[in-house]
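As given, the protein sequences belong to chains A and B, one line each in that order. Counted the way the working numbering counts, the first sequence spans residues 1 to 266. Counted the way the working numbering counts, the second sequence spans residues 267 to 671.
Check each hint, because a few of them may be wrong.
Stretches of chain A that chain B covers, calculated by requiring three or more beta carbons in the stretch to come under 8 angstroms of a beta carbon on chain B [to be verified]:
no.	segment
1	25 to 33
2	133 to 139
3	171 to 178
4	255 to 261
One-sided and incomplete, this derived list gives chain B residues near chain A with beta-carbon spacing under 7 angstroms [what the hints assert, rightly or not]:
no.	residue
5	D308
6	E358
7	M649
Hints were generated in silico from the structure; no laboratory data involved. Just so you know, these numbers come straight off a predicted model, no measurement behind them. We treat Cβ as the ideally placed atom computed from N, Cα and C, and that holds for glycine.
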Amino acid sequence: MQERLFFMQLWIYRHFILVAVSNDFRSRFSRSTVGILWAVLHPLAMVAIYALVFSHVMQARLDGLTGKYAFVEYLIAGLLFWTLFSEIILKSLTLFLSHAEMIKKARFPRSLIPIIFFSTQLTEHLGLIIATMIIYYLLGHTFSASILIAPTFIFLTAIFAMSIGIILGILNVFVRDLQQVVPIILQLSFWLTPIVYPFSAIPPDFQSLIHFNPLYHFVDLYHRVIFTGEFPLFSDFFIPVITTIVFSGISIIVFTRSADDLTDAL
Amino acid sequence: MSVLEISCVTKSFREYRSEWHRFLSWLGFSTKPVKQFEVLRDISFSAEHGEIIGIVGKNGAGKSTLLKVISGVMAPTSGRVTSTGRITAILELGMGFNPELTGRQNAVYTAGLMGFSNEDINEALMFIQEFSELGVLFDDPIRHYSSGMWARLAFSVATARIPEILIVDEALSVGDVAFQQKSFSRIKHFAEKGCTILFVSHDRNAVLSLCDRVILLDQGKIAQSGPPEATMDYYNALLAGNVDGIVQTGSSFDEVGTRSGTGEAKITGIRLLSALGEEVETIATGSKVTLEVVATTFTAIETLVFGMSIRDRLGQVIYGTNTALTAQKLQNVSAGSSVCFRTHFAANLGVGAYTIQTALVSSETHLENNFEWIDHALSFHVMNPTDMHFVGLVSLPSSFEISYQ
């Protein structure tokens, strides 16, 4: 099928995208008593457990930072990044496989599948953002005006993860091993990125190496803006923006070139 | 000018030495696929404004693939599909329905997926609620629906808007009889409005009553195309000649049939003979025929029983018997004997395709000493050349006695 311009489709199908996203939430919470509230309660519980474990049970402290909850706040900011990043990638792995019937039997612009998925994930992420704010507030954290910048790098993270997700999701249709391999690689990246440990905990010899991990530059923005409350420099955005552009470029090429093979293989 | 033009469409599925070669081919590297399976070969035809074209063929003939290519779900490997006008394709009814959502929500979703604008959807919802006959249940989660209601909703959504070209893959026989008739007239209404319709069906009556033209596909190629009756007769001949593509009829007894058994005795010849003793593939309903089977033994067999049964196209046994039931067991058959079993029967069967299953065993059941069992030993077709038409699988000659009381 000749794919029309991406943004044209987005516009023509705007109502449908909205319907599809809201249907997803509706059906997920349709038979539960508190319904949509789960979208916040669930991440709230998760973050609260981290807060409890690391502040009281483990009594973890950050070097050079006083305050009983400093480590917890640091950890939550990093997890906000990691949850968005890893959830999108893990779920995209089966994105095309789970829509096999639709792809094989309905006539519609294929790009709707990632667009709807992306919108759903971002909406769901709002729940975690709200939960994070609630816990921060309860821990006595004061937000600075820099927090207003947060939506930019949250969105950037989502686009970055989605681009990787689309590539892996397509490859996984042909080589199913990815479904097993990717979670392991994600685990590894999690520990290679300063999320549960501060940058200062890395041995000095390795500190320069960590700069080669693009994820570090993303999570660093989260730490600086959400946790420390500083305003980032433009240069801090440099690596995240470049990696996102590169990966989304590749994902668009793979997505368009694989379209015919994908329908045949599903 | 034709509304739809299909020219030299070929579809093949590619296999690469490794999937990595496939990935490289996307990135512009030239990698040659190792294998290509041709599913459609050089298909060309065009459809005019308001024409209804039926597409028939055996399973695996490429019907569904052709519809997918025409509707744009799949890209052809070579060739072109050009259409003027909006295409609606019903390749599967109720696809993407979510059981947790109401009929209305599902209708909105599906219509949106079909590219309806918001205004179109609002207009369509009125029609859908009315046509599906769901009433207040329209606002209930569809997990409460019966399968018939589900199908009615799906059909109503799919046909809510009259497109220029409608493509239907075996979706016409949904719901109860009353709804089937309603959906039939809906399709006819579409054609009257000038919509071009392409549909796949296995239902001979549906094809004959709806179509202006029929295209018969066989092994990915157009085997025949023309007026419905003539093409359907050709198709029947093709079917009778090779039901399910397993065994050839008549004397060309095929070794690759679905056989099982220990092989002490084997069937080496099978023929269906008319009353005149001629070998036939198509017989008239009610005519007297003889099934002639030659069995050869390879070891000495203490007890040999021959059994046969007639099955319809769905595989249901219509009738079966064996020589144990008729007390004609053969005792102490020496190795290397050739035995001919002739079964005489009247083919009191309805119009359709049938297959014959044979068994060589040592008792009534084939569980004990199953020498040989063939599922599709032979196939034949029953026609009704008389004026007395009837429906069903079995001919039970009947008469009416009518009186006023």
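Quick rundown of the hints versus the structure:
no., hint, result
1, 25 to 33, "holds (count 4)"
2, 133 to 139, "violated (count 0)"
3, 171 to 178, "holds (count 3)"
4, 255 to 261, "holds (count 5)"
5, D308, "violated (19 angstroms)"
6, E358, "holds (5 angstroms)"
7, M649, "violated (36 angstroms)"
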